[in-house]
Amino acid sequence: MKAKKINITILLVLLIGCSSFGKINLKASNKMILVRGGFYCPLFKSDNDSSKQFIHAFYIDQNPVTNEEYLKFVKANPEWRRSMVKIIFADANYLRKWKSDLDLGNEVKSNKPVTDISWYAANAYCTWVGKRLPTVAEWEYAAEKLRMINNSNDLVHFYEWTFDFNETNIEASSICGGAGASATNPKDYPAFLRFSFRNSLKANYSMDDLGFRCVTGIN
Amino acid sequence: MKKYILVSLPLIIIIIAGTFIYETNKVRSSNKETTSREIQIDERSSIGNNTKLADSCCKELTPGRYSDASIYQLESVWKNQFGKKIKLNSFLGKKVILAMFYTRCPTACLVIVNELQRLQAAIPQKYLDNYRFVLVSIDSKRDTPEILKKYADERNLNPGIWTLVTGSKYQIAELAQIIGFKYKENRSGMFTHSNLITFINQKGEIQNQSEGLNQNVNMLSSMLYK
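Protein sequences, first through last, are from chains A and B. To convert, note that position 161 of the first sequence is 161 in the working numbering; the numbers rise steadily by one, no gaps. So the working numbering is basically just the index in the second sequence, starting at one, shifted up by 1000.
The reader is advised that the hints may include incorrect statements.
[Stated by the list, open to error] Simulated pairs of lysine-lysine, BS3-like, Cα-Cα distance not exceeding 27 Å:
(1) B/K1126 with A/K86
(2) B/K1184 with A/K145
(3) B/K1095 with A/K86
For the record, the hints were derived by calculation from the structure and aren't laboratory data.
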């Protein structure tokens, strides 16, 4: 009888232990959502590529990086403060709505996505938090899977940096397997807009309505 | 009862260890690797202030010799064809002719390298040391220093003048963005890419660029002397 009791206690303790380890994992992927692996049909593709592309599972930030989060980053990394940043890494509009280097001021809301940041800055932030920028394919795939866009009026005219935002030699693909219920569908007008917008960017541009979020792979 | 204590003791230790890991994780996610980051920040801010930089891999720089628009603001560390770590600013003071390429590239990169070789031949011997030819590989997965070395040897690229470098996917993308070089790897492991020769002045500022293949050497050398 006693042995049974001990067994049950061990089981209980183990269960509690496991669940607390589960929490650790959740905490490490802070406010991130799992995007399961699968096939993505690129809106554009290069000649040699077959139309479908396999995307490995990854975690993506649930929301774009906020002003508050970005403020922590510039506090810890002085070279990314507005007055310190090099023109080669961010143009003159960098963080222009902030009151000063470390003061958001009254007009910029701390919980809103940070904008007016360059591609280099977005990359540096993601690296700093141990993540990276998503590729175009990952971003579009996640957008499709999670409906992370179009669900809020705030985000209708909001764009996000991607790691390979202006890759070259892309040509419109006409067919992408299956029934065409994907981004290759011409009715996906926002996706076309995003692609043309991305191609108009340069990496040191800092603009209104252009923010970012980070991703991590799954190890 | 004794048995009970014996069993439960290790379990309590496990729980304590679990909580400890949980807490450290919490600290990490909020404060993000403070120690290693601080070191990096120190290094970066010293560069930002253009103070002297004594780096294990790179020679010392004289303060204020490059501007905010200089590609030598890039701090990424590359590996050259001898496996030695270098920063781009080790070319400070030289006129640099830079091209991005990859060794398995079937045609276009060879044409570019040939052009650069013809360009080198057009420079009078006594001025040659004022110039450096830099080939940056875009194939970080496959182009190891050994492969770069082999590539350089096969083409008789003088190691005193020619540097071939390889780096991480990110630092390649970063440099490509700065010089406006576009590339994309397809699934067969080949790249589609711009054909771009970039002329960089002694301070690391982009002076001129030539896009496209089979440029006239006279035209290219006119860029050299601008």
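Right, here's what the structure says about each hint:
1. B/K1126 with A/K86: Roughly 36 Å between the alpha carbons, so the hint for B/K1126 and A/K86 is violated.
2. B/K1184 with A/K145: This hinted pair holds, its Cα atoms lying about 25 Å apart.
3. B/K1095 with A/K86: holds (22 Å)
In summary, the one numbered hint that this structure violates is 1.
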